[in-house]
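Bring the two chains, given one by one in their own frames, into a single complex with the hints.
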Amino acid sequence: GENVEQHPSTLSVQEGDSAVIKCTYSDSASNYFPWYKQELGKGPQLIIDIRSNVGEKKDQRIAVTLNKTAKHFSLHITETQPEDSAVYFCAALGNVGKSTFGDGTTLTVKP
Amino acid sequence: AAGVIQSPRHLIKEKRETATLKCYPIPRHDTVYWYQQGPGQDPQFLISFYEKMQSDKGSIPDRFSAQQFSDYHSELNMSSLELGDSALYFCASSLGAQAGASNQPQHFGDGTRLSIL
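Protein sequences appear in the order of chains P and C. Numbers in my numbering are just positions in the first sequence, counted from 1, shifted up by 47. Every letter in the second sequence is one number past the one before it in my numbering, and letter 46, counting from 1, is 32.
Among the clues, some could well be false.
[Unchecked claim] Only pairs whose alpha carbons sit at most 27 Å apart, straight line, appear in this in silico DSS-like list of lysine-lysine:
1) C:K43 - P:K118
2) C:K(-1) - P:K89
3) C:K8 - P:K84
4) C:K8 - P:K89
5) C:K43 - P:K89
6) P:K89 - C:K1
Honestly, the hints are just simulated from the structure, not real lab data.
Chain C with its partners taken away, still in its complex shape (with noise of 0.2 Å):
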């Protein structure tokens, strides 16, 4: 079965510079979520878009943007790199997570592996 795509696994940057992560959901999952995972720690959810509108906002900095598109794949758009930005970037879908509807299971990609120097 198909799987959630990112890209690209691994990328490393220089502070100050800009990156940019993608993800390819699972067909017809019309949502994605985007979380940062430190070393040792949990994921932390960053933003989630449901057909192609923000539909939550957790602790991204404003550094930060991302949008989904109309072929519901997604980019993360990160600026001003800083050192504590170093991290595993996931992403995940699930299909409707619209306010007031049931949760569906999220599905995880591998992630992309973010060093800053």
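One chain only, chain P, in its complex shape (with noise of 0.2 Å):
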């Protein structure tokens, strides 16, 4: 089955900069990455996703890169707020839908 790591575990970044968090993914036959942010007590929010055919996606502050060669997927957040501060997961997803998580990546962003 899919095995999807994520690094950093912990990220904290001061207001402005940029945060990068990355994820690599062993099934060559996966063909969705999404990353969600999920805050306390709520359930995952899809912020961005790519698929296997594209190598770049961006939606304003927020970039997803993908490498299909190297198996890895990276999440680019720049001039990062407070309120970006969460739990970021990947995933990775094959045809048939279900979603392998990578371990999440606690952003801390200081004001």
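Here it is as structure tokens:
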């Protein structure tokens, strides 16, 4: 089955700095890679996703890059704000649809 | 916009009791997924349904069962509850995740927090 590794497990940045979270996956059949933000007491919220036929996608301050050959993908948050503080999960999916999640990254943005 | 609705939000049970969790997907979504999230852990896939048929099965114990109804809502039935079943249970919904189709974004509810005493 699919295995997703996520690094770092914790990340602390100063407001305004950039944050980068990296994930690797094992199954070359995986073709869809979403990123979720989870705040305390809430469910994971989809913030950006990328498909295997695309190398990069951007949405305002958030971008995701995918390297299919190396089987890794990364989340980039620029101009971080305190409200970006949360746990972020990457995930990988094949054609059946079940998500395999990374272990999560706790991001803290200090004012 | 309408989101995934889960009920109840909190549930307290004792060992060996049963529990039923409910999930109402986003309107027109025909696929639901159930996940279990332990404290400080990532969500673990349990089971999914597409058009009322089970589409995939993950690490769901035999004590648990689930189904999707004609109105696309889903219920997770849990029996002989154990202390280790204490967790957050999330439901997610999406459009058409049958085998071979392109994955569609999954939208999560805010979960049911199940506590076993």
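Each hint, compared with the structure:
Annotation: proposed proximity of K43 (chain C) to K118 (chain P) holds, straight-line Cα distance about 25 Å (limit 27 Å). Proposed proximity of K(-1) (chain C) and K89 (chain P) is supported: the alpha carbons are some 21 Å apart, at most 27 Å. Only pairs whose Cα atoms come within 27 Å are accepted, and K8 (chain C) paired with K84 (chain P) is accepted, the gap being roughly 23 Å. Note on K8 (chain C) and K89 (chain P): the hinted pairing holds, with a Cα-Cα distance of about 16 Å set against a maximum of 27 Å.
For the suggested pair K43 (chain C) and K89 (chain P), the alpha carbons sit about 24 Å apart, so the restraint of at most 27 Å is met. Restraint check for K89 (chain P) and K1 (chain C): the C-alpha separation of about 26 Å stays at or below 27 Å, so the hint holds.
In summary, this structure violates none of the numbered hints.
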